[in-house]
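Participant: Here is what each chain is made of, one letter per residue.
Number of protein chains: 2
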Amino acid sequence: MTRRKIALAGIGKIARDAHVPALSDSPDWELAATISRHNSLDGIDAYEGIDAFLEARPDIDTVSLALPPGPRLDYAFKALRAGRHVMLEKPPGRTVTEARALLEAAREAGVTLYASWHSRQGGAVARAAEIVAEHGARHIEIDWREDVRAHHPDQDWVWDAGNLGVFDPGINAFSIVARMLGRAPWPVSAVLTYPQGRETPITAEIALAEAGGARIDCRLDWRWTGEDVWTVEAQTGAGLLRLTDSGGRLFLDGTEQEVGETAEYPLVYETLARLVAEGESEVDLAPLQIAADCFLLARHERGEPFEW
Amino acid sequence: MTRRKIALAGIGKIARDAHVPALSDSPDWELAATISRHNSLDGIDAYEGIDAFLEARPDIDTVSLALPPGPRLDYAFKALRAGRHVMLEKPPGRTVTEARALLEAAREAGVTLYASWHSRQGGAVARAAEIVAEHGARHIEIDWREDVRAHHPDQDWVWDAGNLGVFDPGINAFSIVARMLGRAPWPVSAVLTYPQGRETPITAEIALAEAGGARIDCRLDWRWTGEDVWTVEAQTGAGLLRLTDSGGRLFLDGTEQEVGETAEYPLVYETLARLVAEGESEVDLAPLQIAADCFLLARHERGEPFEW
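Residue numbers (UniProt numbering), protein chains in the order written: chain A, 1 to 308; chain B, 1 to 308.
What the hints contain is simulated information worked out from the structure, not anything from laboratory work. Among the hints, a few may not be true.
Note that the list lumps identical chains together, so a pair holds whenever it fits in one copy or between two copies.
List of simulated lysine to any residue pairs, SDA-like, C-alpha gap at most 25 Å [claimed, not checked]:
no. : residue 1 : residue 2
1   : LYS78     : ALA133
2   : LYS13     : HIS139
3   : LYS78     : ASP154
4   : LYS90     : LEU240
5   : LYS90     : ARG183
6   : LYS90     : ALA209
7   : LYS78     : ARG183
8   : LYS5      : ASN163
9   : LYS5      : ALA133
10  : LYS78     : VAL188
11  : LYS90     : GLU256
12  : LYS90     : ASP61
13  : LYS13     : ARG138
14  : LYS78     : SER189
15  : LYS13     : ALA105
16  : LYS78     : GLY213
17  : LYS90     : ALA126
Predicted model only: the values in this text are computed from it and were never measured.
Next up, chain A with everything else stripped away, as it sits in the complex:
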């Protein structure tokens, strides 16, 4: 089978750590070009911007955008309108409305748009969803704590308005829980704490509800200095379900479950290959929507100043 050509835009840390290795090993994709103002990869054709790429490479019909949502929007509109299939890293947009407009542009162009959620890929979340579908879930607790200094050292942009703050990791939890339940929960109360002088929250305490009746408590904390805590716990009819490692491992009443493949980015690119082959789009906006809904109804409080 010939592999399909793909271009990767944005050659930063996540591209080198996750996208490039996944594409190198992929049976589906051949990384045929990069698009980046400052970086390139040995032996791969490099273009400095989306316009130059679209002009030069009509032979590459799929573009993966490993860029932050702000600069990415213009790239995505241009690629879609030029008839290319597009993959977006999570989150699918700075706002839900712009992501919906992208989906509309994909439909008009008759191409695939795939908004990926890497944390919900893999066997653990799929198995958790099966257990919940069969046995139901009552109380769910989301505990999401990590050290912003370890994950984003000196990256002041994480505190710029619109960049989500502690919801940047927290949205992964929402992506897992929405997949696990098969429907999206909505916040009923939220308290967000912003460091003095910063524009995004460093902690969030959220209570959510959903149409199936489960109650969900959620704690997001970027001040944590221990090992990452990325855990979802659910009281189910089959016992206490516990997803750890951001959807990577599954325990039932304390016993780890065999869940098969868990490599997130290879699975993301496998999904992209299937969507392009089938001519389908997959754009689940629920996780970003939950975050937007949290900001909509939250108390916005000021906390201690934050310095790196």
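Let chain A serve as the given structure and place chain B on it in line with the hints.
Facilitator: Chain B alone, transformed into the frame defined by chain A:
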């Protein structure tokens, strides 16, 4: 033609000022019951809560909920799951996600859900939409100023988290602009000012974009003490389009246009009758979505304290 029976839940100011007169004059509807803990209407069967009503009146298949979104959610789920058609006042929910869950419940029950936007009813907004569709729109300015003390005297709940603050009127502007453009704009930047000690914003300065390329500037201000300013201005290929009176009147290059019927609530109930007859739902979440997106990416600033 026999009129179809409808129940009205929530007998407050908006019900008495707008819903009851519209229903009294309606060729489609017969107000057959009220649902309210504290109020009733002379000569109309009264029920104290949704459970008692649903139990007692299987003959009334449509319920209009003139309640605030918080307490309304439970009423709406119960009525839909009992197989009744439901109408919601704007906004359609405290959160977008809960409103989506209601739409899903309506689909499962095979009944109509209608989320009304009274400001976009009437001939002026419809005519504005025609002009924009034909001639295009470039720069749009939303100017929405009113005196919160005049519209919500001593109503401390407007400052409770989740009750939208100045977006409570502002969302009417979003409903008009989304209808006028035929697509939803998204915020690219927003500054929201919260009075010290209050949990919702009193002013908002927002810049929006949309897939058609129009630039939109929006100013919402609840501190205003003059006459209400509820104006949308658009530079169009046909001249300067100006909607005033919250979508009630239309001017083109300064000349008022004849726009036909503008009575908002009679038109809302006419739409409801059509939707129920056709077995359709109409739930446009774009205006609430735009508000949620504004909160998502805004700078949240503290301003002067507010006292009544």
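Participant: Of all the hints given earlier, name the ones this structure violates by number, lowest first.
Facilitator: 2, 3, 4, 8, 9, 11, 13 and 15
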